[in-house]
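S.K.: In case you want the letters, here they are:
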Amino acid sequence: MSTDTVKTKKIILRTADKEEFEVDEAIAMEFGTVKSFFEENPDASEEPVPLPNVSSQCLLTIIEYFKSRGGSSSAEDEAKAYNEEFVKARDNESIKELILAANYLNIKDMLDMLTQAVADRIKNKSVEYVRRFFGVENDYSPEEEAELRSRNEWAFEGVDPDDD
Amino acid sequence: MQGWSKSRIELPETVIMDILSKLPVKSLIRFRCVSKPWCSSFQTPHFISKHHHNNLKNSNLNLLLKRCHGNTRNDIHYFSSLSTEKGKKFSVKENIHLPFFENCWFAPIVSGPCNGLLCLHDHDKVALWNPSTREFKVLPKSSVQSHPSLDFTSYGCLGFGFDSTTDDYKVVRFVTNYFKEDEEGGDLGDWNHQVELYSVKSDSWKEISVPDVQPYDSPLFNNYINGFYYWPATGDTDYLILAFDMANEKFSTLPLPEFGGALADYYLKLLDFNGSLGAIVYPREGTEKSFDLWVMNGSWTREFSIESVPGVERPLGFWKNGELFLEGSNNELVLFDPATLEVKNVGIHAHPGTMQLIAYVESLIPINGRSEHEERIIRYPAGDTSDRY
Chain A
1 MSTDTVKTKK
11 IILRTADKEE
21 FEVDEAIAME
31 FGTVKSFFEE
41 NPDASEEPVP
51 LPNVSSQCLL
61 TIIEYFKSRG
71 GSSSAEDEAK
81 AYNEEFVKAR
91 DNESIKELIL
101 AANYLNIKDM
111 LDMLTQAVAD
121 RIKNKSVEYV
131 RRFFGVENDY
141 SPEEEAELRS
151 RNEWAFEGVD
161 PDDD
Chain B
1 MQGWSKSRIE
11 LPETVIMDIL
21 SKLPVKSLIR
31 FRCVSKPWCS
41 SFQTPHFISK
51 HHHNNLKNSN
61 LNLLLKRCHG
71 NTRNDIHYFS
81 SLSTEKGKKF
91 SVKENIHLPF
101 FENCWFAPIV
111 SGPCNGLLCL
121 HDHDKVALWN
131 PSTREFKVLP
141 KSSVQSHPSL
151 DFTSYGCLGF
161 GFDSTTDDYK
171 VVRFVTNYFK
181 EDEEGGDLGD
191 WNHQVELYSV
201 KSDSWKEISV
211 PDVQPYDSPL
221 FNNYINGFYY
231 WPATGDTDYL
241 ILAFDMANEK
251 FSTLPLPEFG
261 GALADYYLKL
271 LDFNGSLGAI
281 VYPREGTEKS
291 FDLWVMNGSW
301 TREFSIESVP
311 GVERPLGFWK
321 NGELFLEGSN
331 NELVLFDPAT
341 LEVKNVGIHA
351 HPGTMQLIAY
361 VESLIPINGR
371 SEHEERIIRY
381 PAGDTSDRY
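In order, the protein sequences belong to chains A and B.
Every letter in the first sequence is one number past the one before it in this note's numbering, and letter 122, counting from 1, is 122.
Every letter in the second sequence is one number past the one before it in this note's numbering, and letter 134, counting from 1, is 134.
Calculated from the structure, these hints are not laboratory results.
These figures come from a predicted structure and were not determined experimentally.
Glycine included, each C-beta is placed from N, C-alpha and C at the ideal position.
Don't take every hint at face value.
Said to hold, decoys possible - Simulated restraints, written as ranges between beta carbons of each label pair: (1) A/M29 / B/F259: 43 to 53 Å; (2) B/G383 / A/Y82: 16 to 26 Å; (3) B/P37 / A/E78: 37 to 47 Å.
Said to hold, decoys possible - With a cut-off of at most 25 Å between alpha-carbon atoms, the simulated SDA-like pairs for lysine to any residue come out as follows: (4) B/K36 / A/P161; (5) A/K123 / B/E85; (6) B/K22 / A/D162; (7) B/K50 / A/N83; (8) A/K123 / B/S35; (9) B/K89 / A/N124; (10) B/K36 / A/R121.
Looking at chain B on its own, in the form it has when it is part of the complex (with noise of 0.2 Å):
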């Protein structure tokens, strides 16, 4: 090929690695073949910050939706890609099917995202996700329960997040372990409670100090802030937050906002509002809901309130602008704009109550799993036809 031959400018390689860090993850992927130390420059943790921060910046978005049609064991609960593009209004891209995930009883629950990584734990399951990188990580059982009496653990509560002090990502899960009946004393079955910690980077579990307080619910939103992981708690006579502190592995409290109103009422569901803990209040009853938004600075503020949104059932997750995604009455995925206060159909349904949004920015966090394809994960395009796969 002649042309090659004339002089071509190059470019100076810290340059040529800015360039690269603002390419989609799916490039980073294919251009590892371009050569071997562009493959293991994408591996330098320097690289990956920077290319995670550079999506942070300029508010790259994606959006996979949870969700199931029905409410048998034969309903799957599986995820859909949504285009963010201008004009593709949310459609379906592809729709993405867990086996691991297959049996569960209910859900996978998601946890996140954490720097681009999701969390999905169903029962004694629990896995890591990068949908960027399509790599999938299986946890390995926990072996703090063992114990000889033991009749059988309830799996809790789970948070995920990140240490930045160690550059590792951590699970904390809450279980309960039941043990047998005690033949000769005449014991009654007893249980406990107890906090288990597993790391990526040690790839095991261990077991922490229990907090007084019981955490409860599953996240609708995500729940790791700056550091911290926290949940909707029960103390001895109160409700409460419980925190906690992903680097120092302790637990802290934190009141709930005063909003005026009961639990009984009211939900509360935390979540990450632009870098601060939040929590979105509404209505249990009712098709026409108002929102309040409260953050916590110091101190719990009311930041707005959305008022009378008509046929909604409850809120999955803010988008850009202030607008506001939410389950419509009509079992459909709704943006409400508080702009033109107009609720706009997206055209997807699902089963009341099972959908989860989440909006996470790409990363190349490794994070020492397999890909996709070796857990046998699909991704179907999404047909003309309906959303349903």
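Isolated chain A (complex conformation) (with noise of 0.2 Å):
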């Protein structure tokens, strides 16, 4: 008697904090990490897939954001406006810590979302607020920084001002 066919698999994956969440094969092979693991072990369907670099809490809202969009038969407007209130919510750190996650798991869809996301954050942003950002240090001379800006200074207008 054959339960497979009756039961939606389920598949176990431990955080690096050591929980385990038992998720469904179709989300779960939306990773391509899970996706190569199996590929690699095709005998270990039962044991729980070790995903060492990502956290319970961001798994968590991973597993609810493939949960909540329903489909990929849902329109485009209605996958477009779901992933706009997703990222609206968060902040910068937790938007990085989910990319961080979706690079490692290497789910491709969000990833593109996600970079799309904080692209549009800071395309109005000052050079200022980008390299608090990304932690990226200047190694212009103040005199260096100075000519550049006067130099392409029409892309210097309509910057959004620094309150964050």
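Once you've looked at the hints, go ahead and assemble the two chains, each given alone in its own frame, into the complex.
M.R.: Printed below as a string of structure tokens:
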């Protein structure tokens, strides 16, 4: 008597903080890392898949994202609106954490969506804001920077003031 | 600032570059100031190509409209940048004046876009323009035609495109040289045809062999498609299409589509249709016009027809969802929607026959030119009054 065809297959994922999550196979296979794990270990279907680079908080968020998003049959407008809502509420640090997780888990679509969201968030920001956001050190001398700014004055028009 | 001492998540370099490759050119130019490594990264062929590809994938099109308001020498052609934001209805964002072409007989003719670059020319003046990075490159004068009895040179058709084998941008141009009468021998002044080729990497012109057919006409649309530039041309007995392979620097010919009419009664304009060579055919006479769109895929097939659009003179370019921009009979820019069959007036006018619409995708491609500022190119923000500068 086969039970596999009746129940939806679940896959167990174990996060960095040793928590285990039971996830529908359909969702788990969206994660490139998980997919590759099973391709390399075909006999490991009952064991938890170790994800040492993802926190449980993060994985929970990602699972929720896929559950609430609906299937690929949802209209383009609906998907776009859902993505916007998903991103809007989160601050910069939590988006970066999700990006790291999506990158590690190799979830291409989600990573594309998140990186585009960050690009949209920073496109009108100042140079200083962007340095802080990415933790980049300024290695220009004041003279060099001033020269570069004056040569491209037009690119500095209409920039958001830094209040965060 | 105590707040910045808390540990911040650092993203890997590849992810950061992935994010940055999704930014508009203006942001990237500003962010050159973030750090020297970032500035260098933005100039690598890999980043430039990734950035351009992202824009192509998202169909991020920008619109430039070239036009004039009269036909005297005092009427200068200029460019208007049109908004493509939802709800902005193609309103004019800014008007751009190019002093280099101010004393034109006619407009500067625009070839392109090719990877976000435009080539403008009038008589012997040629320039390349990247409107996204605001770089402008005046091409040097050619030394190819120098000859002691040269009287004058007339400049004909020009093509502009990309050679993917050498990652170089090239300009091909047809010239006719007229020679002075030979005072001793009594020969009447002679003339010859030449073809010259310029490349950005060499920054110089060289002569290449002349084809047997003569190109004519100035482009209404982009005639650079997939490594080739196309012109309508005349052979000994017939009309056909002349093609130039940017990589091999060789000419070849193609037949015209058999559209069931004569060129005396119809305009046939070549264009880029979704990456293939296309031709749009429409009657010369009348203000209610039908447009046939032919596409070359091994052979010519008529892809579709847009029937009986009232009150229009000529097409100016396809937009998204099959919409078509046209010059209306009232000298205004209009947009035809094939789904609703509506002709919407965009509310921008120009002297008849002077409009040329260019839809381009932003790119960071450098052209070894100078800034718009150095070339005294001025961009005037559009006022809230009329769309005229």
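S.K.: May I ask which of the numbered hints given earlier this structure violates, with the numbers listed in increasing order?
M.R.: Result: hint 2 breaks, nothing else.
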